[in-house]
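Participant: Please build the complex by placing chain B on the supplied structure of chain A, with the hints as guidance.
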Amino acid sequence: MAHIALKEGLPGIRGLLAYRPETARPLSDLAQVPLHDLNSLERSDRELIATFVSSLNDCHYSQTSHGAIAACHLGGDEELVERVKRDFNAAPIPEKLKALLAIAGRVQRGGRNVRPEDIERARAHGATDLEIHDTVLIAAAFCMYNRYVDGLATTAPQDAESYRERAAGVAASGYRGLPALLSQQ
Amino acid sequence: MAFRPETAKPLNELAEILLRGPSTLTRGERELIATFVSSRNDCYFCQTAHGAVAAYHLDNNEALVLEVKRNPAGAPISEKLKALLAIAGKVQRGGKAVAGEDIQRAREQGATDLEIHDTVLIAAAFCMYNRYVDGLATWTPTDPDLYRENGARLAIDGYVNSTVGLAAAQR
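Those protein sequence lines, which keep their order, are chains A and B. Residue numbers 1 to 185, in our numbering, belong to the letters of the first sequence in order. Residue numbers 1001 to 1171, in our numbering, belong to the letters of the second sequence in order.
These aren't lab readings, by the way, just hints derived from the structure by calculation. It is possible that part of the hints are untrue.
[As the list claims (entries may be wrong)] For lysine to aspartate or glutamate, the following EDC-like pairs were computed, each having C-alpha atoms within a straight-line distance of at most 16 Å: (1) B/1080 to B/1113; (2) A/96 to A/8; (3) B/1009 to A/117; (4) B/1082 to B/1108; (5) A/7 to A/37; (6) B/1069 to B/1042; (7) B/1090 to B/1101; (8) B/1009 to A/37; (9) A/96 to A/118; (10) A/7 to B/1113; (11) B/1096 to A/58; (12) A/98 to A/117.
[Claimed, not checked] Stretch by stretch, here's where chain A covers chain B in the computed footprint (C-beta under 8 Å, at least three residues): (13) 1001 to 1013; (14) 1016 to 1022; (15) 1040 to 1053; (16) 1109 to 1117; (17) 1130 to 1136.
Where is the CB? At the ideal position from N, CA and C, for every residue including glycine.
Here chain A stands alone, though its shape is the one from the complex (with noise of 0.2 Å):
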């Protein structure tokens, strides 16, 4: 049970978007912006970033639920999230990702704990200033939303179905209509 009294039926951050909308309104923004609006970084890229940053951080709720938006982007292929979040280095994805990647866990350690040769190496691979600062921002944010999710004990389904079919919804949708759709629920 979570740590506040919480709607029934919505779990993880659902619920506490529901709870307080002043705040879930650029919580969702803030999702929005470097998860779903279109840049020069693929949607799944960054939902795989989001996805082994809550994995380091062992938040159930959002590594499945990104989990499932990064293989809805990546037409259904589940096994290469799970190769991504076991060991990125050995997955079949381009070295960029991987470079980014290895920033996204850096920064989990913490903000200091990324090195000027971490960011040479994104850079000779090709990544941009903007893609970047969105990898810092991505993996700081998922650093929030797991412990926002955790720390309030907010409930985590099992099974796997219910996760895909709420992210079907978000991978068409994106993040910014969430706290309307959940104040209807």
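Facilitator: Below, chain B without anything else, positioned relative to chain A:
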């Protein structure tokens, strides 16, 4: 912030609501939570900037801010705030570190669900802001007077208005 206005907007709005919006916790109390977490994350910029805002809201009591950073349990603050700072300290280590008895202790000192929610979210948000600032190795001023001036400006104008001005000035 000035580099990416699209993300600066929700980042500033979140700080504005959590630290300055309507709440049963005072602005001073909320800034102390932000400062304490930033100090645990060893983020010089955030702990100094928010420490200055906290001091402004606390009649310029910079000694109290330092005491809260060093040892909140021994600081001359309410038992409720001590319990909320203990929750914030757990969140800093990781969400799962928050135990049922931490929440129970805060409730016994009169904390409401919303105050507990906001404490967890402030602590979590500063685990983001701190990593964002340090992860990109941003330029950090070291002059304490600059932080005092900035703290007063942030305390009066807030996070949305101040940074809009800053971002505009840098463009």
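Participant: It remains to establish, for every hint, whether it holds in the given structure.
Facilitator: Verification of the supplied hints:
no., hint, in the structure
1, B/1080 to B/1113, "holds (13 Å)"
2, A/96 to A/8, "violated (41 Å)"
3, B/1009 to A/117, "violated (30 Å)"
4, B/1082 to B/1108, "holds (12 Å)"
5, A/7 to A/37, "violated (29 Å)"
6, B/1069 to B/1042, "holds (11 Å)"
7, B/1090 to B/1101, "holds (12 Å)"
8, B/1009 to A/37, "holds (15 Å)"
9, A/96 to A/118, "holds (11 Å)"
10, A/7 to B/1113, "holds (13 Å)"
11, B/1096 to A/58, "holds (9 Å)"
12, A/98 to A/117, "holds (14 Å)"
13, 1001 to 1013, "holds (count 8)"
14, 1016 to 1022, "holds (count 3)"
15, 1040 to 1053, "holds (count 3)"
16, 1109 to 1117, "holds (count 4)"
17, 1130 to 1136, "holds (count 7)"
Hints 2, 3, 5 from the earlier list are contradicted by this structure; the remaining hints agree with it.
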